[in-house]
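J.: Here is how the chains run, residue by residue.
Protein chains: 2
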Amino acid sequence: MENCSIVRAFEIVGTRSAMVVMREAFFGTRRFDDFVRRASLGEAAAAARLRELTADGLLERVPYQEPGQRTRYEYRPTAKGRALFPVIAALREWGDTWAAGSDGPPLRTVHRDCGSPVRVRLRCDEGHDVALGELEIQPGPGLIMNEPAG
Amino acid sequence: MENCSIVRAFEIVGTRSAMVVMREAFFGTRRFDDFVRRASLGEAAAAARLRELTADGLLERVPYQEPGQRTRYEYRPTAKGRALFPVIAALREWGDTWAAGSDGPPLRTVHRDCGSPVRVRLRCDEGHDVALGELEIQPGPGLIMNEPAG
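Heads up: the protein sequence lines correspond to chains A and B, in order. Residues 0 to 149, numbered by numbering that gives the first Met the number 0, are exactly what the first sequence covers, in order. Residues 0 to 149, numbered by numbering that gives the first Met the number 0, are exactly what the second sequence covers, in order.
Hints are supplied without guarantee of correctness; some may be wrong.
No copy labels: a pair is met if it fits in one copy or bridges any two.
[What the hints assert, rightly or not] Restricting the straight-line Cα-Cα distance to at most 25 angstroms, the calculated cross-link-like pairs of lysine to aspartate or glutamate (DMTMM-like) are:
1. K79 <-> E65
2. K79 <-> D102
3. K79 <-> E133
4. K79 <-> E59
Keep in mind the hints are simulated off the structure, nothing from the lab.
Generate the whole structure from the sequences, applying the supplied hints.
T.: Shown next as structure tokens:
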């Protein structure tokens with residue numbers, strides 16, 4: 000498959016630094032200095048990643064000005080960026096279960112209204128929970144194969 | 000955060016080739032030659048990735064023998080590997096929506112029992128669907144901060 004959506008997505012967000020920048024954006028980080036500090040990135044790496052994620056439309060740059068200071072920019076997740084949250088949540092859930100240290104997970108994500116832990120689930124549009132063995136993969140409209148069929 | 004589960008997960012599966020090998024494993028690919036062909040990887044790259052994913056416990060090597068042939072091995076997803084499916088599904092869903100070509104998504108994932116499209120959702124243990132704005136992040140037992148508090 001030449002045009003795999005997984006690969007296309009991975010080409011945009013498939014670096015460690017893109018993931019930690021988006022993680023921080025979801026946690027509410029907006030300003031350059033805070034990204035540098037909280038994502039544990041160097042200034043040059045943070046600037047490059049923020050620029051790329053903005054160019055790819057996952058973050059938007061919004062000007063702000065504090066009294067007596069020059070105009071600066073903060074970075075906010077766009078709809079395209081917010082839509083990445085399930086990827087981050089699924090990675091974290093897998094990491095919590097299969098790659099966490101002996102102390103357990105560093106953070107818990109809970110539903111604010113009821114306090115229960117939040118998990119990533121697969122569900123179909125009819126409202127059924129779907130287990131891995133109940134999935135069927137079908138060709139879609141954009142399928143392009145590497146090799147001629149037959 | 001020194002021990003972020005997202006980063007830990009990413010260190011194990013955060014390469015394009017690991018993603019396409021796991022994608023193929025989910026699609027039912029088991030044998031080396033098929034991984035090479037379907038994942039569009041070179042033989043050396045496919046062998047290296049299968050070896051790493053086996054060492055990390057996402058795939059297991061199972062011997063098989065066809066009449067008159069030497070023993071060969073196939074690769075099957077373990078529980079740890081199967082648990083990665085939501086990550087792949089979330090990446091694909093994001094790629095389908097935000098990075099697909101004009102022809103639409105190359106594949107559709109449906110619920111075998113009812114034929115409806117399957118999507119990744121966030122849900123809490125009380126059974127509520129959870130929107131991004133309803134999440135709360137809390138410190139977990141394994142939290143280690145970079146900087147002293149206060």
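J.: Each hint should be assessed against the structure and marked as holding or not.
T.: Going through the hints against the structure:
Neither within a single protomer nor between protomers do K79 and E65 lie at most 25 angstroms apart by alpha-carbon distance, with minima of 28 angstroms and 49 angstroms respectively. Only between protomers do K79 and D102 lie at most 25 angstroms apart by alpha-carbon distance; the minimum there is 19 angstroms, versus 34 angstroms within a single protomer. Taking the shortest alpha-carbon separations for K79 and E133, only the inter-copy value of 18 angstroms comes in at or below 25 angstroms, while the best intra-copy value is 29 angstroms. In this assembly of identical chains, the alpha carbons of K79 and E59 lie at most 25 angstroms apart only when taken from the same copy (10 angstroms versus 36 angstroms across copies).
The earlier numbered hint that this structure contradicts is number 1, and it is the only one.
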